[in-house]
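2 protein chains.
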Amino acid sequence: MIKLAIDAMGGDFAPKEIVKGCNLAIAKNTDLELVLYGDEEQIKKYLISNPRISVVHSPKKIDMGEDDPIREIRRNRDTSLVMAFQAVKDKQVDGVVTAGPTQGVIVAAHLIIRRIKGMKRVALAPALPVIGGKSRLLLDVGANLELRSEHILQIAQFASIYLQETHNIKTPIVGLVNIGAEPSKGREVDQETYQILKNDPHFNFYGNVEPKELFSCPCDILVTDGFTGNMVMKTMEGTAKALGDVLKEEISSSVGGKIGYLFMRKNLRNFKNRFNPDNIGGANLFGVDGVVVKAHGSSEAFAFYNAINQAYQSVRGEIVEKMKKIISDVIVDE
Amino acid sequence: MIKLAIDAMGGDFAPKEIVKGCNLAIAKNTDLELVLYGDEEQIKKYLISNPRISVVHSPKKIDMGEDDPIREIRRNRDTSLVMAFQAVKDKQVDGVVTAGPTQGVIVAAHLIIRRIKGMKRVALAPALPVIGGKSRLLLDVGANLELRSEHILQIAQFASIYLQETHNIKTPIVGLVNIGAEPSKGREVDQETYQILKNDPHFNFYGNVEPKELFSCPCDILVTDGFTGNMVMKTMEGTAKALGDVLKEEISSSVGGKIGYLFMRKNLRNFKNRFNPDNIGGANLFGVDGVVVKAHGSSEAFAFYNAINQAYQSVRGEIVEKMKKIISDVIVDE
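Here the protein sequences come in this chain order: X and G. Counted from 1, the first sequence has number 73 at position 71 by the numbering used here; the numbering is strictly sequential. Counted from 1, the second sequence has number 91 at position 89 by the numbering used here; the numbering is strictly sequential.
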């Protein structure tokens with residue numbers, strides 16, 4: 003049995019859509035058990051009755067002031083987010099899924115669950131839209147602003163284990179996001195990281211990947227520091243939005259366009275859905291001592307269901323234990 | 003009369019398309035004089051006869067090895083690129099336009115023309131596609147990997163002068179590309195830059211801009227270090243390409259899509275053109291003591307014509323002289 007804690011109050015459409023996502027996940031996986039943290043009365047309005055779902059009442063919801071997330075987490079021990087993370091720490095559950103605010107999730111993971119011993123940094127790793135039949139993980143997208151080469155090495159190892167165990171990719175290909183293809187390109191940290199990744203036996207290093215190749219390169223995993231990864235991810239988002247707007251504008255600018263639209267409405271809807279984060283799932287937070295999946299803040303039921311599945315697969319694949327093994331091997335080597 | 007040097011051998015379609023772009027520019031601007039550097043025999047095949055165009059034969063074309071652009075430039079004094087830049091240095095012309103390799107252009111600008119005295123760094127500043135009726139400059143996109151806050155301040159001042167003098171924007175709005183909107187967001191350099199930009203009287207500071215807002219923010223100018231700017235630019239490129247591919251795939255996946263396409267072919271072509279760099283122009287290299295415009299390597303005649311116009315406007319707006327004035331005022335103040 004795999005047991006997950008759910009922050010039922012996190013996200014724009016909580017608790018309704020979160021609870022509906024839980025209902026879907028429970029129906030789908032017969033060896034899944036969920037513990038929902040949040041306002042019991044509200045949750046029960048939407049919850050199906052199932053012996054594998056329970057609710058733990060938490061009176062408060064985290065309200066992320068941008069000013070001091072650390073203080074927010076410390077002060078609000080009786081919020082759904084903090085209580086769900088505490089359940090992971092106390093080994094009452096195998097992992098946690100939340101659509102709460104990113105900064106809150108990262109801070110709570112650090113303060114409550116804590117990093118795996120020997121793991122220098124954590125990393126947030128969302129999947130990019132599937133293009134050319136391929137999904138790709140991008141990390142770190144913001145758990146750390148700056149990362150040294152040995153940190154990037156560890157998060158690449160972790161991502162590699164994750165894809166091996168949950169996506170059945172035997173030797174995931176890892177690329178380093180950089181401004182040019184040659185090993186000499188980039189800042190000092192990028193050049194160092196190139197060399198350190200090249201020499202690591204735990205995965206298959208492809209080399210540098212320029213962001214214009216992000217969706218066409220053969221890589222399964224794209225690594226960089228959190229500042230750069232966050233920039234890349236948000237630029238994708240902004241560009242996709244801008245292109246969508248321009249497309250709409252151009253189509254509605256003529257009668258031909260409007261008629262054409264009637265014929266290809268379904269095609270354009272599919273096009274839009276391909277870039278909809280709700281269809282992709284959540285982002286794993288690699289590096290803490292437990293499975294943590296952060297769903298999008300705007301998650302509706304299906305998106306949250308996908309995020310639960312991702313946590314379920316991560317627990318089943320024992321990715322945390324396997325990463326611990328690699329780290330302890332390295333420590334023994336040293 | 004405004005006199006520009008043209009590197010007629012730089013770019014994928016040189017010299018044919020470059021020369022044709024020159025022909026267009028000469029026909030359009032009656033106070034423009036061009037000096038083309040390159041293989042005289044080849045150039046003359048395409049060149050219209052006009053007293054305001056002359057050719058200076060340069061026997062060689064620069065061949066940018068990725069290894070050592072500085073050595074390439076030093077060694078190859080008789081190439082079209084180096085000779086055209088030398089003409090700026092010798093004040094024979096007011097500026098230079100080239101579609102040659104970016105690294106070669108940046109190195110040649112440094113070694114031959116040199117930076118304006120007191121200008122700490124140079125910056126490459128392309129314009130983004132026009133969205134919402136607005137064009138935006140992004141800089142630096144790769145002339146420097148890392149920039150300190152005082153460097154970013156100077157390039158923001160320069161870009162601001164450029165838009166005032168060439169685009170008639172009285173008080174251009176400057177945004178700092180960052181991972182969050184609040185002043186406390188980003189790396190130490192970003193936080194410092196925020197404060198220094200906020201306190202500068204030479205332009206209108208908007209604050210931080212997340213890349214997901216790049217195409218919707220009210221800013222005319224978006225500043226960041228060269229590594230980040232390059233990442234952002236290339237991510238846009240990669241995302242636009244991926245979206246175009248997916249759109250094509252979805253449209254051709256059904257009969258309805260194919261019929262719809264027949265009706266909106268023109269609309270989709272316009273959509274594509276909106277993101278075509280050829281319609282946008284070149285990138286100014288701000289900070290050297292002369293006007294330098296780098297056209298896209300894939301420039302055809304119209305794109306190169308646009309890049310010439312950009313240099314023409316920059317010379318006419320006396321942007322280099324106006325930046326020198328600001329710098330000398332600052333030096334006097336100190």
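Treat the hints with care, since some could be wrong.
Because identical chains share one entry, a pair is satisfied inside a single copy or across any pair of copies.
[Stated by the list, open to error] Lysine-lysine pairs mimicking DSS-like chemistry, simulated, CA-CA at most 30 Å apart:
#	residue 1	residue 2
1	K274	K46
2	K30	K214
3	K268	K5
4	K22	K268
5	K268	K122
6	K46	K22
7	K243	K30
8	K250	K326
9	K91	K274
10	K172	K47
11	K274	K136
12	K200	K187
13	K47	K18
14	K91	K46
15	K172	K243
16	K119	K243
Since the hints were derived computationally from the structure, they do not count as laboratory data. Fair warning: this is a prediction, and the values are worked out from it, not measured in the lab.
Hints, verified against the model:
1. K274 - K46: neither (34 Å within a copy, 50 Å between copies)
2. K30 - K214: neither (38 Å within a copy, 35 Å between copies)
3. K268 - K5: neither (39 Å within a copy, 55 Å between copies)
4. K22 - K268: Classified as within; 27 Å inside a copy, 44 Å across copies.
5. K268 - K122: Neither, since 47 Å and 54 Å both go past 30 Å.
6. K46 - K22: Classified as within: same-chain Cα gap 11 Å, cross-chain 73 Å, threshold 30 Å.
7. K243 - K30: Close neither inside one copy (33 Å) nor across copies (37 Å); limit 30 Å.
8. K250 - K326: neither (49 Å within a copy, 44 Å between copies)
9. K91 - K274: neither (39 Å within a copy, 51 Å between copies)
10. K172 - K47: neither (44 Å within a copy, 57 Å between copies)
11. K274 - K136: both (17 Å within a copy, 24 Å between copies)
12. K200 - K187: within (15 Å within a copy, 32 Å between copies)
13. K47 - K18: For K47 and K18, the Cα distance is within 30 Å only inside one copy (8 Å; across copies 72 Å).
14. K91 - K46: Answer is within: at 26 Å inside a copy they meet the 30 Å cutoff, but 77 Å across does not.
15. K172 - K243: Between copies only: 29 Å across chains, 35 Å inside a chain, cut-off 30 Å.
16. K119 - K243: Neither: 41 Å inside a chain and 42 Å across chains, both beyond 30 Å.
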